[in-house]
Each structure stands twice: as C-alpha cells, then as structure tokens.
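One-letter residues, chain by chain:
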Amino acid sequence: RVETPLSEPRYLYYLLIFLCSQILGQFLCLVLQVPQLNSTREETRQRPFFFAISFYLRAQRQREKRMGWVRKTVDSVKSLQVKQVLLRAIGLAMVFTSGLILWKALMCMTGTKSPVVVVVSGSMEPGFKRGDALFLYKNKDPIRAGDIVVFNVKGQDVPIVHRVIEVRNAGFQQLHYCLVGKTGDANDMDDRFLYARGQLWLKPQHIMGRAVGLLPYVGWVTIVMTEKPVLQYILVGAVGLLFLTSKD
Amino acid sequence: MHSFWLRANAVLTFSVIILAFTCAMASVSDCFNSPSPSAQIQITNINWFQKQRNGNEEVSLAMNITADLQSLFTWNTKQVFVFVAAEYKTPKNAVNQVSLWDAIIPAKEQSKFRVQTVNKYRFIDQGSNLRGKDLNLTLHWHVMPKAGMMFADKLVIPGYRLPKEYR
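Top to bottom, those sequences are chains A and B.
Going by the numbering used here, the first sequence wraps up at 1618, each residue one higher than the last.
Going by the numbering used here, the second sequence wraps up at 169, each residue one higher than the last.
Just so you know, these hints were derived from the structure itself, not from any lab.
Quick caveat: nothing in here was measured; it's all calculated off a predicted structure.
All the given hints hold, so there is nothing to weed out.
Straight line, CA to CA, 27 Å or less: simulated DSSO-like cross-link-like pairs of lysine-lysine:
# : chain 1 : residue 1 : chain 2 : residue 2
1 : A       : Lys-1573  : A       : Lys-1483
2 : A       : Lys-1573  : B       : Lys-94
3 : A       : Lys-1499  : B       : Lys-148
4 : A       : Lys-1499  : B       : Lys-80
Working from the sequences, and respecting the hints, build out all of it.
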C-alpha cells in the first residue's frame, strides 16, 4: 500500500483534534484565571500573616539543613491549590498534544511510521555505532543496491538496519522489489537467515524506509530507557512533579 | 526562577538546541563540497561460469579496481562505503543489481587505491540469462557523515560482456 500523505482523512482528523484541544485548553486557562469575587478580602488577610510567614521561613531554613529538599517538595505539594494544579495540568496537556501532532506531521513528511530509529546492534560498524539515531525517508523512488534500509521481519518487533546488496525488479509497473541485505557493514554474509521461514527476499511492504541522515550518540537515552523500563517511570514522574510544583 | 532545577532545565534545553544547530550546520557545510572522483574497473579473468542444479547460473570474476575518491572527503566525513555492482537486464527482471565487492574507506589517505580481487559476493542470476550478457559495472559510493545527511552517487562503466559458453 502506497501512502499519500496530507490528503488522507486520518491526518485531517488529527489536525482537527489538535486545533480543538488547543482552543479548549486556552479557553479553560482563561476561565481558571478569572479573579474571584472575594479577592480583596484575600489581600487584606495576607498582611497580618506577613510576620508569621517570615518566622516560618527562618525556622524552615534551619529545618531544611537537617531534613533536605525532600521535605521541602512535600511541603510545596501540600500548599498547592486546586486551581494552580489544574492550570499546570492543562498547560502540560497542551504541550503534550503539540508534541504528538509534531510527531504525526513528521510521519506524514517522511512517509514512514517511525521517522527516527535508534541503532541497537553493532552490525553496521564503523558507520553506525550503537546509540546513533537514524532519520528515515520513504517515497516512491525504488530501492537500489547500496541503500541502507530499515526493515521488519514478520514475527519480530525490532526492525533491522542493513545495506542492500542485491536488487531484482520483476516487471516495470509492479514495483516488486526483491532485495537481500548484508548483515551490516561489518560482515560479509547475506542476512537471509534473519527472514521468516521460507522468505528469500524483502518486498516493499517489509521496508520501513531508507536511512538518509545520522545523529551520533542521541539514541543512548532511548536504549537505556528501553532496557531498564523503571527509568521511564522515574523520569516521567520526576518531570511531572517538577512541573506541577515549580514556583511559576 | 532561581531554583536549581529550573536553572538546570534551562541550561540543558539551551545546550540541546545549540548542539542540534551545530549538527545541522555541519551537514549544510557538506553541500559546498563538489566532488570529482574517478575510477576504472577491468575484468581480468572469468574464473568460472557454471549453471547450478536449480537452474541458476553463477559467475566468478577477477577484477582490477582503480579509484581516486579523495575529493569526497570533508571534515564531516566519517567513512566512505564504496562498492561495485553489476547491473543488467533480463526478460524476467527489468532491473538486476548484484553487489560484487565492497570496502570501507575510513580516511582520505586510503581513498586512492588499486585493488585486485575476486568478487566478494556470489554473482548468481535468477535463471540462466547470463550467457553473452552485456553488463554495466557501476562503482557506487556512500559518504557517511559524522552527523547529518548521507550522500550517495555512482559512476557507471558500461561495456562488459560475459562469455557465451560455460567455463
């Protein structure tokens, strides 16, 4: 199946969802920031507390030296108001939807389901080391010998990056490519032993895309988080906590 | 705006943006390089040319490959992957490309070379169409950068012909 980006209704739905979520988010932020009716009373209530707050802060500084920042974070979490938390959550959701739509737009432009992949094995050394990020691109151009392709084998969810060493094109119109990649630049064997049983060639539907660009070392974050999933939860939890409890 | 974590966050974001910009500029600088490589390939000998039991023909050739790829290297080049492919047409397949030999050139000093070799990968046809077949031997090169876009190009050298009988 050849994808036609930007004209498929699926992408229009995503764009519509994104616009609606942005409008809703902005509206909710406006509503929540409208000052309340008894705001003047709150201001007059704050002044007598001013001295109490300064004593409290001094005592707290001494406590901090003994107990550290964990106690400070717990105190700041307790002092949050619902309105602030809601505002923060909406801001976070808006950033999240923008990121998601950016990713979908990138999928649209590059024609592949994963525009960026991380090299996990060392089979393409010294060209691609473990931890490099590859940018993929897929269009109607035929795959030719020497292209570095990322492909999926049925039954395995980790895609493989190899270089094509043989191309056979059966028929001018059929776009029926058969290729075999060598097991990375470091080896001299063809990689048919990695395919599904009985499969001798890679067809266009197996190919995710051609590698066109490279960024070294940035993939290590993904590798570390995939191999130790607990780190993902820690990272997301820490970022969420910091975002919700920061002063502004 | 003065807590440790906010400052760390700002520093980290800024450094990531600057690094991404540097990589993009490094890649853009590659566009200003206009390479002019040259190459020659000679088939010195057809070692053998047989038909296998399953009907596919196989050829083994010895080649002399001379090339000067020095102009492909820039400061952003990690290595150049060079390979020789045999390209021909058959009634069954419009395009056949078979890679015969490849090498990795890690530095500019080794990019002017002369190699005498037998084909590294087996040259097997789908069927038996190779007798008397006209071939193009193409030298392809893939410039792999330290960061950024990869470039690939080729030099087509036509005019080779396989023998009409098996040896």
